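For the sequence shown, the working numbering begins at 36 and goes up steadily by one.
Because the hints were derived from the structure by calculation, they are not lab data. Values in this document were obtained by computation on a predicted structure and should not be read as measured data. Heads up, some of the hints might be wrong.
[To be verified] Simulated crosslink set (DMTMM-like; lysine to aspartate or glutamate; CA at most 20 Å straight-line): (1) Lys151 with Asp79; (2) Lys112 with Asp86; (3) Lys112 with Asp79.
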Amino acid sequence: MTTSPQTAGLTIMVIDDSSTIRRSAEIFLTQAGYQVVLADDGFDALAKINDHHPALVFCDILMPRLDGYQTCALIKKSARFHATPVLMLSSKDGLFDRARGAMVGASAYLTKPFSKDSLLAAVREHTAARS
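Assemble the whole structure, with the sequences as input and the hints as a guide.
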């Protein structure tokens, strides 16, 4: 697949404690022409986000140490990253989980396991204004 002008230079961060999920997302996004930054938990992500300034962040909810809701809230409280879309990733698809994600500033909610098409559609939808 070739890199389109819309994807060139866009960096996507994937935060998930599952190496399988991180690797799947990395493969799908890299094949579509995006730069990918991986983090295995919220603390790792917060340490990397300033260096890479992602256009979009995928964030797992259930992680050790700092969960996805806390990570999203901290990203959204930052003046530098307040406008950065954060999409929650979870194997749970309940109304409460979606509402809690919205309360901490998440732009959307993607259920795992995700397909390549659903992942890339979410990226296109939430980065369209930036390209």
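Each hint tested on the structure:
1. Lys151 with Asp79: Not satisfied, since the Cα-Cα distance of roughly 25 Å exceeds 20 Å.
2. Lys112 with Asp86: holds, 17 Å
3. Lys112 with Asp79: holds, 17 Å
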